[in-house]
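Colleague: Throw the hints in and build the complete structure from the sequences for me.
Position 106 (the sequence shown) corresponds to 106 in full-length UniProt numbering; numbering is contiguous.
None of these hints come from the bench; they were simulated from the model. We treat Cβ as the ideally placed atom computed from N, Cα and C, and that holds for glycine. No false leads were mixed into what you were given.
The following label-pair restraints were derived from C-beta to C-beta distances:
id, residue 1, residue 2, range
1, R152, T381, 53 to 63 Å
2, R379, Q313, 25 to 35 Å
3, K127, R379, 36 to 46 Å
4, V165, P128, 21 to 31 Å
5, P405, H280, 15 to 25 Å
30 Å max Cα-Cα, derived DSS-like pairs, lysine-lysine:
id, residue 1, residue 2
6, K140, K127
7, K140, K123
8, K438, K322
9, K438, K354
10, K362, K352
11, K352, K322
12, K127, K170
13, K140, K170
14, K123, K170
15, K322, K354
16, K438, K352
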Amino acid sequence: KTELLSHQAPTSIAATEMSMRFAARALLLPLVIAALLHPADVVAGGGFSLRLVPSPGSNRSIHVDDDGFVHLNEDAATALRPPMHTQIGGKYSVVTSVGTGAGRRTYVLALDMTSSKLWMQCKPVQKPFAQQPPPFEPAKSPSFRHVPGNSRFCLSPAHGHRPTVQDPCKFRSIGLHGIDARGVLSNETLAFAAAGQEAEVAGVVIGCTHSSEGFDFNSHGVLAGVLGLGRQAPSLIWTLGQHRHGAVQVHRFSYCLPSHGSPDHHSFLRFGDDIPHTQHMVSTRILYMSFTTSRDFSAYFVTLAGVSVGGRQLPHIGELFKRHLHGGRWTGGCAFDAGTAAMVMVAPAYEKLKDAVVDHLKPLRVSIVSRVEYHLCFRATSQLWQHLPTVTLQFAEAEARLVLPPQRLFVAVGHDICLAVVQSNDITIIGAMQQVDKRFVYDVRAGRIYFAPENACHADAGHQI
1 KTELLSHQAP
11 TSIAATEMSM
21 RFAARALLLP
31 LVIAALLHPA
41 DVVAGGGFSL
51 RLVPSPGSNR
61 SIHVDDDGFV
71 HLNEDAATAL
81 RPPMHTQIGG
91 KYSVVTSVGT
101 GAGRRTYVLA
111 LDMTSSKLWM
121 QCKPVQKPFA
131 QQPPPFEPAK
141 SPSFRHVPGN
151 SRFCLSPAHG
161 HRPTVQDPCK
171 FRSIGLHGID
181 ARGVLSNETL
191 AFAAAGQEAE
201 VAGVVIGCTH
211 SSEGFDFNSH
221 GVLAGVLGLG
231 RQAPSLIWTL
241 GQHRHGAVQV
251 HRFSYCLPSH
261 GSPDHHSFLR
271 FGDDIPHTQH
281 MVSTRILYMS
291 FTTSRDFSAY
301 FVTLAGVSVG
311 GRQLPHIGEL
321 FKRHLHGGRW
331 TGGCAFDAGT
341 AAMVMVAPAY
351 EKLKDAVVDH
361 LKPLRVSIVS
371 RVEYHLCFRA
381 TSQLWQHLPT
391 VTLQFAEAEA
401 RLVLPPQRLF
411 VAVGHDICLA
421 VVQSNDITII
431 GAMQQVDKRF
441 VYDVRAGRIY
451 FAPENACHAD
461 AGHQI
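Modeller: This is how it looks when you write it as structure tokens:
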């Protein structure tokens, strides 16, 4: 059984949050607000797609140069640049409609593939954060239903109290980025519609949040909450697996994050039949472990067996990515998450990576510079650009390798080049920046993640609304 108090203990979150916020500030991209008008695309035969958009951010001091690298200005407060439509290096959000009748509203929700909860602000809100449109009003939606108080998804009651059907089903979601949301669980209808067609999914478990902390930084006045796409109940992909859409149950989803995009290039989160074939792809196994604590992730953990820098294998690094039980809770491990902007790496492994990068560039005699937001930066030279190393992530299967060219691991900040990897106390995450220009297919039922290069995400190029 999966409970709704999730992720890490508060002490672990506090230790990781500051460095991850630095990375988020540096890499967030502006939101394409026009996507609100066209939230999804429906494909005949049981598949549908949600549009993926860059999460909102006030930092517009970012652009992608012709060399394919992310370039950041040193002074974000004064730099003026037009909004970007390319989605490299940013966190992603999903657009969907919630409710029925007069209560239906279209919202932008932050994508989180490490969580099983879909939560959003609902009136009345005790500690509101700014969002657009205003918070959801359950009283106006005829499809809104409370989850029974004795559901397995509810928080454990106070000692000695036996929950009943009439009790509120309380939840609490503690996120990786220091977000703490509390409220009551309900069942509601989500709608995915475009071009006069509509696909509704009834009975989705959503958390009606009446109090939250830490999300105002992530919201930027637009986001209404979080769409958890983790592998455990009651996430959206789990809910879709309980329904029948067309001829089959939906147990797969897919996306491709483009490195360069024209203003009308869209990226989509695809479900069901709306997914390319996987015959040409390599795959790695999703790790399923027994959970002995409710504070665990609902993430897509994989076996990261090795890392090579410039063709040189880093010794004994695979052990550092293993998931293990420590102090009564699971810690460590490596997971994929398109909702995390850049790569997060457990500290001992990061030190090995950093040392290998320094050794690789030592013949150039480039200067190492100190910056607050990054742990390793070099003063940029023409030689340095040409000799930045390619990094390869080796998974358990011999053929399953994720090759990361320099553009997927380094960013230009003013006159410096920095390694865009964030240290973590107890988790490694392969983020959006590392997944660019590759098609990913998550088959939850088969327990595998498929991936392959896809130039400019061409499969989405003609997939317009």
